[in-house]
Amino acid sequence: MSANSFGGRIKMHTFGESHGRAMGTLIDGFPAGVSINLADVQAYLDRRKPGTSAWVSARKETDTLEIVSGIFEGKTLGTPICGLVYNQNARSEDYEKIKDEPRHGHAETVWKNKFGHIDYRGGGRSSGRETLSRVIAGAFCEQALKKVAPKMEIVGWVSKVGEWTCDESIAEKSDRAAIDKMPGRFPYKDDKFISKKLESAKAKGESYGGVAEIIVKNPVESLGQPVFHKLKADIASAAMSLGATLGVDFAEGFESVSKPGTEFHASDTTKQYGGIQGGISTGQTIRFRVYFKPTSSILDIAKKGRHDPCIVPRAVPVLEAMTAVILFDHWLWSKTDKLEI
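Count along the sequence shown from 1, add 1239, and you get the number used in our numbering.
Hint data in this document are derived by calculation from the structure and do not stem from the laboratory.
Where hints are given, some of them may not hold.
Keeping only pairs whose Cα atoms sit at most 30 Å apart, straight-line, the calculated DSSO-like set for lysine-lysine is [unchecked claim]: (1) Lys1577 with Lys1428; (2) Lys1456 with Lys1443; (3) Lys1577 with Lys1250; (4) Lys1351 with Lys1532; (5) Lys1250 with Lys1532; (6) Lys1250 with Lys1314; (7) Lys1412 with Lys1431.
Please model the entire structure based on the sequences and the hints provided.
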C-alpha cells in the first residue's frame, strides 16, 4: 500500500492500524527552532478521542502522545518529527463476524478485494482512528501558525446531523472552546436536543450522516497557487481523504450555481467567494463545509460493538487540524513565491 503521505513543503506521513500496537505520524519538512507546547498538542488529541460521551464510541483510549524524534528542549530540530499513540483498549472479538461478513458500505470490503490480506479488526487502517495521526501533525502546524499569524483562528462545528440543522447564529459567535462544550459540537438553543437524538440512534443501532462547517478567521493573505495546488483544491483534497466523506463546498455552497451573475457578484459584498479567489486566499474569512454519509456500523453490529452513531462531531477537530497543515504548508510555500533581488 502506498499513498500514506499528504502535503508539500510539510509532509505528513501517517501509519498504524486501529487494533495494532500503535498509531502514529511522521512530519517531514517542519522548520527548526519552533517552540512547541506538547501539552497543547495532547489537548488537541483529547478533543477527538473516543469515550467522551454516552453516544460516541465507548472505546476508552487515553491517546497519550509519545514524541520519538524531532524535538529537543521544547523546540523543533528541523529533522523528522515522529509521534506515537499506543492502542490500549482494542476489543478485537467484536469484529469476528466482520471477518467473514464485512459491513455493508464500509471500506473494508473494497480493501479486501484490492489487497487480499487485511487487518479486519476495528477496520484496520480504514478506521476513523487513523485520523488521530493527522491531528498530531495539525496541532504542530497550528502552533506554528499562531506565531506567524496570531490573529488567525480555525473554528469548526457540526452544522447538520441527519435532518436536523444547527443554529447558525449561535455558531457564528462562538469560539472553539465554546463549541467544544456543546453536545456533539452542535450549536443549538436546546443543548440536550442532539444528545437525545444520538443516544436514541445508538440504542436502536441507527446511524446518521451530517455536515461539518469550518471557518478560518483572519487568514494570511495570498496563500495558495493559481493553477495546481489552489488553496481550495488542497482543502478539498484533505477533506475528501477522510473516511465517509461525500463532498465539499465553499462559501455559500452549491446553491450559488442557481444565482445569476449580477446577483452572485454583487459589489457590496465578497463573502460569496469564501475568502478564496483564483485559488488564493484574500485575507477574508475562509468558509467550507464537508458532507459525511451515515456510518456503516448499524443494527446488531452497532448494538454489540463500540461505534459512533454519527462521526461528524469527532471529525470537526480532524478537519481543523488538516486545515492547519494546509495553511502552514502554503505559508511556507509563499515565502518562495517571489524574490526582490
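30 Å limit on alpha-carbon distance, applied to hinted pair Lys1456 and Lys1443: At roughly 39 Å apart (the allowed maximum being 30 Å), Lys1443 and Lys1456 break the hint.
Pairwise hint evaluation, Lys1314 against Lys1250, where the allowed Cα distance is 30 Å at most: The hint holds at about 18 Å.
Restraint status (C-alpha distance of Lys1577 to Lys1428 at most 30 Å): violated, 49 Å
Distance restraint between Lys1412 and Lys1431, which requires alpha-carbon spacing of 30 Å or less: Distance of about 20 Å is within 30 Å: holds.
Pair hint outcome, Lys1250 versus Lys1532 [Cα-Cα no greater than 30 Å]: OK: Lys1250 and Lys1532 at ~28 Å, within 30 Å.
Given hint Lys1532 paired with Lys1351 - CA-CA distance at most 30 Å: holds, 21 Å
Given hint Lys1250 paired with Lys1577 - CA-CA distance at most 30 Å: holds, 22 Å
Violation of the numbered hints given earlier is confined to hints 1 and 2; the remaining hints are satisfied by the structure.
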